[in-house]
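*Asks:* Let the hints inform the model, and build the full structure from the sequences given.
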Amino acid sequence: MVGDYIAAFEAISPDVLRHIINMADGNGNTALHYSVSHSNFEIVKLLLDADVCNVDHQNRAGYTPIMLAALAAVEAEKDMRVVEELFGCGDVNAKASQAGQTALMLAVSHGRIDMVKGLLACGADVNIQDDEGSTALMCASEHGHVEIVKLLLAQPGCNGHLEDN
1 MVGDYIAAFE AISPDVLRHI INMADGNGNT ALHYSVSHSN FEIVKLLLDA
51 DVCNVDHQNR AGYTPIMLAA LAAVEAEKDM RVVEELFGCG DVNAKASQAG
101 QTALMLAVSH GRIDMVKGLL ACGADVNIQD DEGSTALMCA SEHGHVEIVK
151 LLLAQPGCNG HLEDN
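Going by UniProt numbering, the residue at position 79 of the sequence shown is 79; the numbering climbs one at a time, nothing skipped.
These are computed hints drawn from the structure, not numbers from a lab.
Heads up, none of these hints are tricks.
Here are the simulated DSS-like cross-link-like pairs (lysine-lysine), alpha carbons at most 30 Å apart as the crow flies:
# : residue 1 : residue 2
1 : 45        : 117
2 : 117       : 150
3 : 95        : 150
4 : 78        : 117
5 : 78        : 150
6 : 45        : 95
7 : 95        : 117
8 : 78        : 95
9 : 78        : 45
DEER-style ranges, computed between Cβ atoms:
#  : residue 1 : residue 2 : range
10 : 154       : 51        : 33 to 39 Å
11 : 146       : 73        : 21 to 27 Å
12 : 61        : 161       : 29 to 35 Å
13 : 4         : 113       : 33 to 39 Å
14 : 93        : 16        : 30 to 36 Å
15 : 133       : 77        : 35 to 41 Å
Note that the Cβ used here is the ideal one computed from N, Cα and C, for glycine as well.
*Replies:* Here's what the structure looks like:
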């Protein structure tokens, strides 16, 4: 059904399609935000395939769909491919407006090694610091995620000597 709506709006005008797909509610969430946060990756794929999504749009809480995807429950390999496609479509290093956290920091803090690997494969920077000066490595250490610590330290250019505030 969603695919039919996308086709109908595109038939009217690509500009109409772009407007409809990127419409935000009062909290700043778009269809992509909702599809990702509800782990509805079939819809995420349809939205990405429409090629008009603003994947870097921050909602009022400061989160992009990429940041929400870093926390999403992904069960199937095909869904992880959609998430990785999403990661590749936008800025994986964008900072949330409230605390300055990146998608990588969010994935790390929740122990989501699958998402950490996906974000790193798409160019996530391990050395970015949030508003308190914390990095993904600091976050992994603080939460006791040993395997993620090892993974981050293995990244070229990972700076284990950065200090927080």
